[in-house]
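Visitor: Residues per chain, in single letters:
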Amino acid sequence: MAKHLLYLTNNQLSACIWDKGVLSNVQIFDNYASGWSKFAEYLKDTVKLSAYFLTDLIEEDFQRDSLPHVYGSARKNLVERRLNSLYRDTPYREASRQGRAKEGRKDDQMLFSALTNPQLLKPWVDALQNLKIDIAGVYSVALLNPYLFRRLNLGKQASLLVTHQSSGLRQSFFQDGYLRFSRLAPETAWSPESIADTTTIEIGKTRQFLASTRQLARGAPLEIVVVAQNEILTHLQSRPYEEDGTHYRFIDLNEARQVFKMPASLELTYCDPLFLSLLGTQRISSHYATAEQTRTHYYSQLRDTLNVVSVASVALALFWSGSNAFDAYQAHQFAQQAKIETLSTLSKYRETANSMPATVANPQEMRAAVDLERMLTQNAPEPSAILIALSRALDGLPQIKIHELNWKSSETDGSPIDPNAMPAPPVDGSAPVAPGLLGIPKRAFEILELEAEIIPFKNDYRSALESVQLLVDELQKDTHIKVSVVRPALDTRPSVKLESQIGNDEALAKPRFNLKIIWKP
Amino acid sequence: MAQNQQPPSKLNIGTVKESVKLQGFLHEDFPIIRQACIRLGICLAIAAVLIGGSHFFYLQQSALQQAAQTELTQAQGKYTYATNEKNDIKEFQPRYIQLVERGFVGEEKRLDIVELIQSIQAKYRLLPMSYELFPQQIVPIAEIVMEQTGAPISAGELELRASKLVFRMNLLHEMDMLNLFKSLRERGQFIPQACSIKTSNTINSLSSPQQLEAECSLQWVTMGRRAAAAADQAATPAQ
Numbered sequence: 030m031a032k033h034l035l036y037l038t039n040n041q042l043s044a045c046i047w048d049k050g051v052l053s054n055v056q057i058f059d060n061y062a063s064g065w066s067k068f069a070e071y072l073k074d075t076v077k078l079s080a081y082f083l084t085d086l087i088e089e090d091f092q093r094d095s096l097p098h099v100y101g102s103a104r105k106n107l108v109e110r111r112l113n114s115l116y117r118d119t120p121y122r123e124a125s126r127q128g129r130a131k132e133g134r135k136d137d138q139m140l141f142s143a144l145t146n147p148q149l150l151k152p153w154v155d156a157l158q159n160l161k162i163d164i165a166g167v168y169s170v171a172l173l174n175p176y177l178f179r180r181l182n183l184g185k186q187a188s189l190l191v192t193h194q195s196s197g198l199r200q201s202f203f204q205d206g207y208l209r210f211s212r213l214a215p216e217t218a219w220s221p222e223s224i225a226d227t228t229t230i231e232i233g234k235t236r237q238f239l240a241s242t243r244q245l246a247r248g249a250p251l252e253i254v255v256v257a258q259n260e261i262l263t264h265l266q267s268r269p270y271e272e273d274g275t276h277y278r279f280i281d282l283n284e285a286r287q288v289f290k291m292p293a294s295l296e297l298t299y300c301d302p303l304f305l306s307l308l309g310t311q312r313i314s315s316h317y318a319t320a321e322q323t324r325t326h327y328y329s330q331l332r333d334t335l336n337v338v339s340v341a342s343v344a345l346a347l348f349w350s351g352s353n354a355f356d357a358y359q360a361h362q363f364a365q366q367a368k369i370e371t372l373s374t375l376s377k378y379r380e381t382a383n384s385m386p387a388t389v390a391n392p393q394e395m396r397a398a399v400d401l402e403r404m405l406t407q408n409a410p411e412p413s414a415i416l417i418a419l420s421r422a423l424d425g426l427p428q429i430k431i432h433e434l435n436w437k438s439s440e441t442d443g444s445p446i447d448p449n450a451m452p453a454p455p456v457d458g459s460a461p462v463a464p465g466l467l468g469i470p471k472r473a474f475e476i477l478e479l480e481a482e483i484i485p486f487k488n489d490y491r492s493a494l495e496s497v498q499l500l501v502d503e504l505q506k507d508t509h510i511k512v513s514v515v516r517p518a519l520d521t522r523p524s525v526k527l528e529s530q531i532g533n534d535e536a537l538a539k540p541r542f543n544l545k546i547i548w549k550p
Numbered sequence: 004m005a006q007n008q009q010p011p012s013k014l015n016i017g018t019v020k021e022s023v024k025l026q027g028f029l030h031e032d033f034p035i036i037r038q039a040c041i042r043l044g045i046c047l048a049i050a051a052v053l054i055g056g057s058h059f060f061y062l063q064q065s066a067l068q069q070a071a072q073t074e075l076t077q078a079q080g081k082y083t084y085a086t087n088e089k090n091d092i093k094e095f096q097p098r099y100i101q102l103v104e105r106g107f108v109g110e111e112k113r114l115d116i117v118e119l120i121q122s123i124q125a126k127y128r129l130l131p132m133s134y135e136l137f138p139q140q141i142v143p144i145a146e147i148v149m150e151q152t153g154a155p156i157s158a159g160e161l162e163l164r165a166s167k168l169v170f171r172m173n174l175l176h177e178m179d180m181l182n183l184f185k186s187l188r189e190r191g192q193f194i195p196q197a198c199s200i201k202t203s204n205t206i207n208s209l210s211s212p213q214q215l216e217a218e219c220s221l222q223w224v225t226m227g228r229r230a231a232a233a234a235d236q237a238a239t240p241a242q
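Chain order of the listed sequences is A and B. Under this note's numbering, the first residue of the first sequence carries the number 30, and numbering increases by one thereafter. Under this note's numbering, the first residue of the second sequence carries the number 4, and numbering increases by one thereafter.
Because the hints were derived from the structure by calculation, they are not lab data. Any given hint might turn out to be false.
To be verified - FRET-style restraints, in silico, Cβ to Cβ:
#: 1; chain 1: B; residue 1: G44; chain 2: A; residue 2: K161; range: 41 to 49 Å
#: 2; chain 1: A; residue 1: E70; chain 2: B; residue 2: Q38; range: 23 to 31 Å
#: 3; chain 1: A; residue 1: R117; chain 2: B; residue 2: G44; range: 44 to 52 Å
#: 4; chain 1: A; residue 1: D442; chain 2: B; residue 2: V169; range: 21 to 29 Å
#: 5; chain 1: A; residue 1: T406; chain 2: B; residue 2: S122; range: 46 to 54 Å
#: 6; chain 1: A; residue 1: T217; chain 2: B; residue 2: I45; range: 42 to 50 Å
#: 7; chain 1: A; residue 1: E70; chain 2: B; residue 2: I49; range: 34 to 42 Å
#: 8; chain 1: B; residue 1: I45; chain 2: A; residue 2: K161; range: 18 to 26 Å
#: 9; chain 1: B; residue 1: G44; chain 2: A; residue 2: E70; range: 33 to 41 Å
#: 10; chain 1: A; residue 1: I313; chain 2: B; residue 2: P34; range: 54 to 62 Å
#: 11; chain 1: A; residue 1: S513; chain 2: B; residue 2: V117; range: 35 to 43 Å
Unchecked claim - Derived DSSO-like pairs: lysine-lysine, alpha-carbon spacing no greater than 27 Å straight-line:
#: 12; chain 1: B; residue 1: K89; chain 2: A; residue 2: K368
#: 13; chain 1: A; residue 1: K32; chain 2: A; residue 2: K67
#: 14; chain 1: B; residue 1: K112; chain 2: B; residue 2: K201
#: 15; chain 1: B; residue 1: K185; chain 2: A; residue 2: K545
#: 16; chain 1: A; residue 1: K430; chain 2: B; residue 2: K201
#: 17; chain 1: B; residue 1: K167; chain 2: A; residue 2: K437
#: 18; chain 1: A; residue 1: K135; chain 2: A; residue 2: K77
#: 19; chain 1: A; residue 1: K377; chain 2: B; residue 2: K81
#: 20; chain 1: A; residue 1: K511; chain 2: B; residue 2: K185
#: 21; chain 1: B; residue 1: K201; chain 2: A; residue 2: K549
#: 22; chain 1: B; residue 1: K93; chain 2: A; residue 2: K377
#: 23; chain 1: A; residue 1: K77; chain 2: A; residue 2: K131
#: 24; chain 1: A; residue 1: K368; chain 2: A; residue 2: K49
#: 25; chain 1: A; residue 1: K151; chain 2: A; residue 2: K161
#: 26; chain 1: A; residue 1: K377; chain 2: B; residue 2: K201
#: 27; chain 1: A; residue 1: K545; chain 2: B; residue 2: K167
#: 28; chain 1: A; residue 1: K539; chain 2: B; residue 2: K201
#: 29; chain 1: B; residue 1: K93; chain 2: A; residue 2: K549
#: 30; chain 1: A; residue 1: K487; chain 2: B; residue 2: K201
#: 31; chain 1: A; residue 1: K77; chain 2: A; residue 2: K49
#: 32; chain 1: A; residue 1: K430; chain 2: A; residue 2: K487
#: 33; chain 1: B; residue 1: K185; chain 2: A; residue 2: K437
#: 34; chain 1: A; residue 1: K185; chain 2: A; residue 2: K290
#: 35; chain 1: A; residue 1: K185; chain 2: A; residue 2: K135
#: 36; chain 1: B; residue 1: K89; chain 2: B; residue 2: K112
#: 37; chain 1: A; residue 1: K487; chain 2: A; residue 2: K549
#: 38; chain 1: B; residue 1: K93; chain 2: B; residue 2: K201
#: 39; chain 1: A; residue 1: K539; chain 2: A; residue 2: K511
Note that the Cβ used here is the ideal one computed from N, Cα and C, for glycine as well.
With the sequences and hints as input, model every part of the structure.
Guide: Right under this line is the structure:
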């Protein structure tokens, strides 16, 4: 998303557009009446983007103090009261928490800062407000330094970050990773060598200031990080530094460009673009925005959100109605297709109805009658099959004479049924006819009970029993037949009583036996 | 001297502040979002019209599609029914006519059966026999499911009937009984149910061969029109 970035120094204001990682359309305006009017003209011709106001001014003050550790409105009131007492004359003021004291009440450590000369911003802010251009925030290069500090991976030791800005030399002192103070020395030299000289002098002054304010003891370790153009760094590196505990680190602007992933085509002379890119790429809360600016910005953001919702609602509606239209089109197509098929089917129906042959009965009834007749013909019980099987078995056993045969069809396989469960059938033929006995829907079981005798017997029970067993074996060769001996010629089972006669007339001893033959379909 | 003091009138400071806030909002802040609000309202209205209209159109088309689909299903049903009916007539009518002629479909012709038994006895020179033909009964087949199709038997206005036929006779050979059954089956659906054959205890003479005593029951199965349907058919004049 494009951003309109404004960079204000004591001498001038630079305006540029940040879009997709590129700073473009840079315009510079002098901090005089002519520059202000040119800026107003420029704003009229520029796209109405929210303005991000970055200040790099000498008139910026920093105060460290502690506040009781409280929350909510109490904390807000405390901070407000302290800011009023410190910076009564400026609306551009800020307080940030920097950890807590390690001893005592463990108060919050606070850094209060303010742009002490609001008149420097007024003409520019007025020009923006006259054109109702939203100010997204008023930022300070000094307060953006912690972001640069983190990007450059500087540790928690005491560090002095020196950046060469278009407005001069900015020195920011960090301790425990927190910004303690920052100062801007105005540009007084123009050649790399003289800038290097100035840098050395200004660093010396700052060290002296740190020692005198007891922020850093003399000889205490201090890392001095200088971010500047390569030519300036070359001169700085060539000088001997003999101070105890001081460690220098020089960062070329080209190296910083890589850290910030800025395009190689952008020529860096000062550190200004690094801070502008921070504003361009990150969402950073405003440092010094007034309540009015914050409110205006809130409504501007709300306006943008409403616009996005408007577009999204129309887009969603278009998509939804498109989907509905597609479904409706498909339904219409299906309906048309169905109508064509209906006409075709009705035409075929009329043809079929017209060519319907004369019928003697309802086709459904005819079909049922034919089906049932076929079923009966196919499934009806037939005693001949089981009698033929018996006859064949008896062909090889002439000693067996049959006395009685009882054949019947059955819906069950002859297993004993509880006589109480079934009512006794009436003898007059009025018992309901079971379709299963007729072969509907499948063929019934057939049961043949026979009573026979072994002749001649000659009191030879062993032969008689063998003859019966032979008959059983012969019958069971048919896989559909299952034979059980109901009454053997002589019951030799140990569990039942054995009764027989001996020494009497042979005619009295009749080895009769009963078989039950079940034919399964 | 006591004086009637009027209570001090209340100062609506909070209400005044709220009023000022509201005026500030209306004059300074709302203009920022006024156009966006109007735009949003218009867009929401357009969206509602688009969605509502297209949905209404879709519902209309969907209803038309369902109606067309129902008509198609009905037409297909009619066509399928007519086709099946035509096929059934072609396939089953010749056999059905045969069944009517053979007596399977229609009222029992008991006199024909009496004559048939007489002719069978004469043909096979069977020993004298007695028989009983019991009253006709309806065979319940409504709940029977066809094994091949899995569908219940639907006989329309026809019903399956059976009459029990019991024979008592003497046999010279068990084949006499089987021949009787076979001859009956050739003329109708006579389905054997039970048969008891035993050697005869009575000996007529030394020269005659040993006889068998048999008692067999069969079911004479026919199909006929239900009583109510038959009455309706009789009442309806022929067209």
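Visitor: All the hints need checking, so say for each whether the structure fits it.
Guide: Quick rundown of the hints versus the structure:
no.: 1; hint: B/G44 to A/K161: 41 to 49 Å; result: violated, 22 Å
no.: 2; hint: A/E70 to B/Q38: 23 to 31 Å; result: holds, 25 Å
no.: 3; hint: A/R117 to B/G44: 44 to 52 Å; result: holds, 45 Å
no.: 4; hint: A/D442 to B/V169: 21 to 29 Å; result: holds, 25 Å
no.: 5; hint: A/T406 to B/S122: 46 to 54 Å; result: violated, 22 Å
no.: 6; hint: A/T217 to B/I45: 42 to 50 Å; result: violated, 59 Å
no.: 7; hint: A/E70 to B/I49: 34 to 42 Å; result: holds, 38 Å
no.: 8; hint: B/I45 to A/K161: 18 to 26 Å; result: holds, 22 Å
no.: 9; hint: B/G44 to A/E70: 33 to 41 Å; result: holds, 36 Å
no.: 10; hint: A/I313 to B/P34: 54 to 62 Å; result: violated, 28 Å
no.: 11; hint: A/S513 to B/V117: 35 to 43 Å; result: holds, 41 Å
no.: 12; hint: B/K89 to A/K368; result: holds, 25 Å
no.: 13; hint: A/K32 to A/K67; result: holds, 20 Å
no.: 14; hint: B/K112 to B/K201; result: violated, 32 Å
no.: 15; hint: B/K185 to A/K545; result: holds, 25 Å
no.: 16; hint: A/K430 to B/K201; result: holds, 11 Å
no.: 17; hint: B/K167 to A/K437; result: holds, 14 Å
no.: 18; hint: A/K135 to A/K77; result: violated, 47 Å
no.: 19; hint: A/K377 to B/K81; result: holds, 10 Å
no.: 20; hint: A/K511 to B/K185; result: holds, 26 Å
no.: 21; hint: B/K201 to A/K549; result: holds, 24 Å
no.: 22; hint: B/K93 to A/K377; result: holds, 18 Å
no.: 23; hint: A/K77 to A/K131; result: violated, 49 Å
no.: 24; hint: A/K368 to A/K49; result: violated, 58 Å
no.: 25; hint: A/K151 to A/K161; result: holds, 15 Å
no.: 26; hint: A/K377 to B/K201; result: violated, 66 Å
no.: 27; hint: A/K545 to B/K167; result: holds, 25 Å
no.: 28; hint: A/K539 to B/K201; result: holds, 17 Å
no.: 29; hint: B/K93 to A/K549; result: violated, 36 Å
no.: 30; hint: A/K487 to B/K201; result: holds, 24 Å
no.: 31; hint: A/K77 to A/K49; result: holds, 18 Å
no.: 32; hint: A/K430 to A/K487; result: holds, 15 Å
no.: 33; hint: B/K185 to A/K437; result: holds, 17 Å
no.: 34; hint: A/K185 to A/K290; result: holds, 24 Å
no.: 35; hint: A/K185 to A/K135; result: holds, 21 Å
no.: 36; hint: B/K89 to B/K112; result: violated, 31 Å
no.: 37; hint: A/K487 to A/K549; result: violated, 37 Å
no.: 38; hint: B/K93 to B/K201; result: violated, 50 Å
no.: 39; hint: A/K539 to A/K511; result: holds, 26 Å
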